[in-house]
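Enquirer: Going line by line, the protein sequences match chains A and B.
Numbered by the numbering used here, the letters in the first sequence go through residues 2 to 257 in order.
Numbered by the numbering used here, the letters in the second sequence go through residues 4 to 72 in order.
One or more of the hints may lead you astray.
[To be verified] Below are the EDC-like pairs computed for lysine to aspartate or glutamate, each with C-alpha atoms no more than 20 angstroms apart in a straight line: (1) A/Lys126 with A/Glu146; (2) A/Lys67 with A/Asp97; (3) A/Lys66 with A/Glu92; (4) A/Lys66 with B/Asp25; (5) B/Lys36 with A/Asp61; (6) A/Lys126 with A/Asp61; (7) B/Lys35 with A/Asp97; (8) A/Lys126 with A/Asp82; (9) B/Lys36 with A/Asp53; (10) A/Lys126 with A/Asp97; (11) A/Lys216 with A/Asp61; (12) B/Lys35 with A/Asp64; (13) B/Lys35 with A/Glu92; (14) B/Lys36 with A/Asp64; (15) A/Lys23 with A/Asp217; (16) A/Lys25 with A/Glu146; (17) A/Lys67 with A/Glu92; (18) A/Lys143 with A/Glu116; (19) A/Lys126 with B/Glu44; (20) B/Lys35 with A/Asp53; (21) B/Lys36 with A/Glu92; (22) A/Lys25 with A/Asp64; (23) B/Lys36 with A/Asp97; (24) A/Lys23 with A/Asp64; (25) A/Lys226 with A/Glu214; (26) B/Lys35 with B/Asp25; (27) A/Lys126 with A/Glu92; (28) A/Lys66 with A/Glu116; (29) A/Lys143 with A/Glu122; (30) B/Lys35 with A/Asp61.
No wet-lab data here; the hints were simulated from the structure.
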Amino acid sequence: MTDTWSVAGRTFTSRLIVGTGKYKDFEQNAAAVAASGAEIVTVAVRRVNVSDPTAPMLTDYIDPKKITYLPNTAGCFNADDAIRTLRLAREAGGWDLVKLEVLGEAKTLYPNMRETLEATEVLAKEGFLPMVYCVDDPIAAKQLEDAGAVAVMPLGAPIGSGLGIQNRVTIRLIVEGASVPVLVDAGVGTASDAAVAMELGCDGVLMNTAIAEAKDPIRMARAMKLAVEAGRDAYLSGRMGLRKYADPSSPLAGLI
Amino acid sequence: MAVISIMLNGEARQVREGSIADLVASLGLDVKKVAVERNREIVPRSTLAAVALAEGDALEIVHFVGGGC
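Extracted from the complex, chain B is given alone in its bound form (with noise of 0.2 angstroms):
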């Protein structure tokens, strides 16, 4: 499978091609527990399966963590 260039969490990354449910899984993430941008649109959990990464695509995961005011 073809690996790909992008950009994870500010980071640049080589990924698999894939979805970017595959690669959610694929960093060991429960679905359920996370949110994605892509190029900064948000990606529905509904869809996460049938949107394919691509070269130079910007990722953010993101999840909920201890915050106060």
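Pulled out of the complex, with its shape left as it was, chain A reads as follows (with noise of 0.2 angstroms):
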């Protein structure tokens, strides 16, 4: 039995998408991908290096006709700057699937959600399909989605923080008000953080840090694949209620 997930008309089998930033170098990021059978990665749009147009590029290393490239707002804090990256993006790559995230403060890295709501209207408008970074909050998720979001991605903590998913009843509220997919973006630091937004119903989770900054990224791609998985199974198990106190597992009859 194969267990997919489609994101505005296009269906992936893993649940698992990775970013392409922070590692040491192309290889290593290249094996990270692999390991973690991500169908999907990330990506920035940066200018080119004019004065060493020789320089390797991700594309030689990831292929974009095997992999997915999401092209990503990353570093834009208004509507206006993510709008034209993602114009850029559409012309660098050919298509529409996109990830929007306008940010609203360097510290926290949360979304500026007044300007993403535009961008994301604005985008819709122009026939793309904004995958979109928000706070976990049930209402902004609905909102986004009447706006043309193709999919709404929480964040479990700040980006880059690695605390894991802060609030499990905001995530797991935006699960059950959504018809769009749900993926957790940002604030995995572990296998057990990617498993918990997965056991809460989430149809995927992004992330990049907690792979890349591990000491081993690529076993941690790896873990990472895993957890996944196993968070998909246990949420489509329906797992056993809670108790408050214990109930044995052997049969009392019996005993001598």
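Put the complex together from the two separate chains, hints included.
Expert: What follows is the structure, encoded as structure tokens:
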């Protein structure tokens, strides 16, 4: 039985999306992507180094024909910059599926939801398919969906913090209310955090630093793959109820 | 060939007159891996050879790099 998920009509098997920042080099990055089993990677759009055009490029190591590049607006602090960046990304890559994030401040990298909502509306009107980084607020998530987001991506904790899912209740409420895929974006620190996100019913998880800054990124990439799969299976299994006290697993009848 | 002054990725630069495709090629870049914005307007890849650079143009040439959340 294959368990797939779809966003804007595209179907994927892996529920783990990984970033491509902070790695030691392109080789390590490519090996981590392979170990994670991810079918989508986030990428940034930046100026070409015109003084050294022969410098190696990401596309030489991670083949955009095999792995879906998800252009991301990380580093944009207003709607205009984010929209401009994604227009360039669409021209560079030739696809409409993008990840929008409009940041509010450097300290927390929390999203600026007013600008995010505005950018979502503009992008959707221009034919983009925006997957949108947002606060873990079920109302904001619905507003984004109404504005044309093809997926909502609430933070589990601040970007790069590795603090894990801070508010399971709000993530669960977003999942329950959404009619588009929900992916936890940011805050995962280790494998159990990814499993928690999946056990809450999320369609997927996006992470970068948790893998890139592990002492052994390739091993951690594999751990994340397994955690996402385990969390998903646990969610689909329907976990046991919680009890306040013990309940023996062995029969009481026939005790000597 | 005449030389003109443009802004390329935020830096002043003297380049030969010609199309944007000529400039991209002269920089040693693969036109299929970059996107170009001229004076804040996207220049579709299919038209790069048809658009001539003009004195004072502001160009941004970008590509995909590693990035995360």
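Enquirer: Does each hint fit the structure? Answer for all of them.
Expert: Hints and how they fare:
Note on A/Lys126 and A/Glu146: the hinted pairing holds, with a Cα-Cα distance of about 13 angstroms set against a maximum of 20 angstroms. For the proposed pair A/Lys67 and A/Asp97, the alpha carbon gap of about 17 angstroms is at most 20 angstroms, so the pair holds. Using a Cα cut-off of 20 angstroms, the hinted pair A/Lys66 and A/Glu92 holds, with the two alpha carbons roughly 16 angstroms apart. With a CA separation close to 27 angstroms, the supplied pair A/Lys66 and B/Asp25 exceeds the 20 angstroms bound.
For a cut-off of 20 angstroms, the pair hint linking B/Lys36 to A/Asp61 stands: about 10 angstroms separates their Cα positions. For the suggested pair A/Lys126 and A/Asp61, the alpha carbons sit about 33 angstroms apart, so the restraint of at most 20 angstroms is broken. Under the criterion of a C-alpha separation no larger than 20 angstroms, the hint pairing B/Lys35 with A/Asp97 is consistent with the structure, at around 17 angstroms. As the CA atoms of A/Lys126 and A/Asp82 are separated by approximately 17 angstroms, the hinted pair is consistent with the 20 angstroms bound.
Distance check on the hinted pair: B/Lys36 and A/Asp53 sit about 15 angstroms apart at the alpha-carbon level, within 20 angstroms; holds. Restraint check for A/Lys126 and A/Asp97: the C-alpha separation of about 12 angstroms stays at or below 20 angstroms, so the hint holds. For the hint linking A/Lys216 to A/Asp61, the alpha-carbon distance of about 25 angstroms lies beyond 20 angstroms, and the restraint is violated. With a C-alpha separation of about 14 angstroms, the suggested pair B/Lys35 and A/Asp64 falls inside the 20 angstroms cut-off, and the hint holds.
Our distance criterion of 20 angstroms between C-alpha atoms is met by B/Lys35 and A/Glu92, whose separation comes to about 10 angstroms. A distance of roughly 12 angstroms separates the Cα atoms of B/Lys36 and A/Asp64; the hinted pair therefore holds under the 20 angstroms criterion. In summary, the hint linking A/Lys23 to A/Asp217 is supported, as the alpha carbons are separated by about 13 angstroms, within the 20 angstroms threshold. With a C-alpha separation of about 37 angstroms, the suggested pairing of A/Lys25 with A/Glu146 is violated against the 20 angstroms cut-off.
Our distance criterion of 20 angstroms between C-alpha atoms is met by A/Lys67 and A/Glu92, whose separation comes to about 19 angstroms. Taking the CA atoms of A/Lys143 and A/Glu116, the gap is about 16 angstroms. The hint holds against a cut of 20 angstroms. A hinted pair counts as satisfied when its Cα atoms are at most 20 angstroms apart, and A/Lys126 with B/Glu44 qualifies at roughly 18 angstroms. Straight-line distance between C-alpha atoms of B/Lys35 and A/Asp53 comes to about 17 angstroms, which keeps the hinted pair within the 20 angstroms bound.
Proximity of B/Lys36 to A/Glu92 is assessed by CA-CA distance (about 10 angstroms); at most 20 angstroms being required, the pair is judged to hold. Between A/Lys25 and A/Asp64 the CA atoms are separated by roughly 19 angstroms; this keeps the pair inside 20 angstroms, and the hint holds. Proximity of B/Lys36 to A/Asp97 is assessed by CA-CA distance (about 16 angstroms); at most 20 angstroms being required, the pair is judged to hold. Straight-line distance between C-alpha atoms of A/Lys23 and A/Asp64 comes to about 19 angstroms, which keeps the hinted pair within the 20 angstroms bound.
This hinted pair checks out: A/Lys226 and A/Glu214 have alpha carbons roughly 16 angstroms apart, not beyond 20 angstroms. Of the pairs offered as hints, the one joining B/Lys35 and B/Asp25 holds, with about 14 angstroms between alpha carbons and a cut-off of 20 angstroms not exceeded. A threshold of 20 angstroms between alpha carbons decides the hint, and for A/Lys126 with A/Glu92 the separation of about 17 angstroms falls inside it, so the pair holds. With a CA separation close to 32 angstroms, the supplied pair A/Lys66 and A/Glu116 exceeds the 20 angstroms bound.
Restraint check for A/Lys143 and A/Glu122: satisfied, since their Cα atoms lie roughly 13 angstroms apart, inside the 20 angstroms limit. Using a Cα cut-off of 20 angstroms, the hinted pair B/Lys35 and A/Asp61 holds, with the two alpha carbons roughly 13 angstroms apart.
Comparing the model with each numbered hint stated earlier shows that hints 4, 6, 11, 16 and 28 do not hold.
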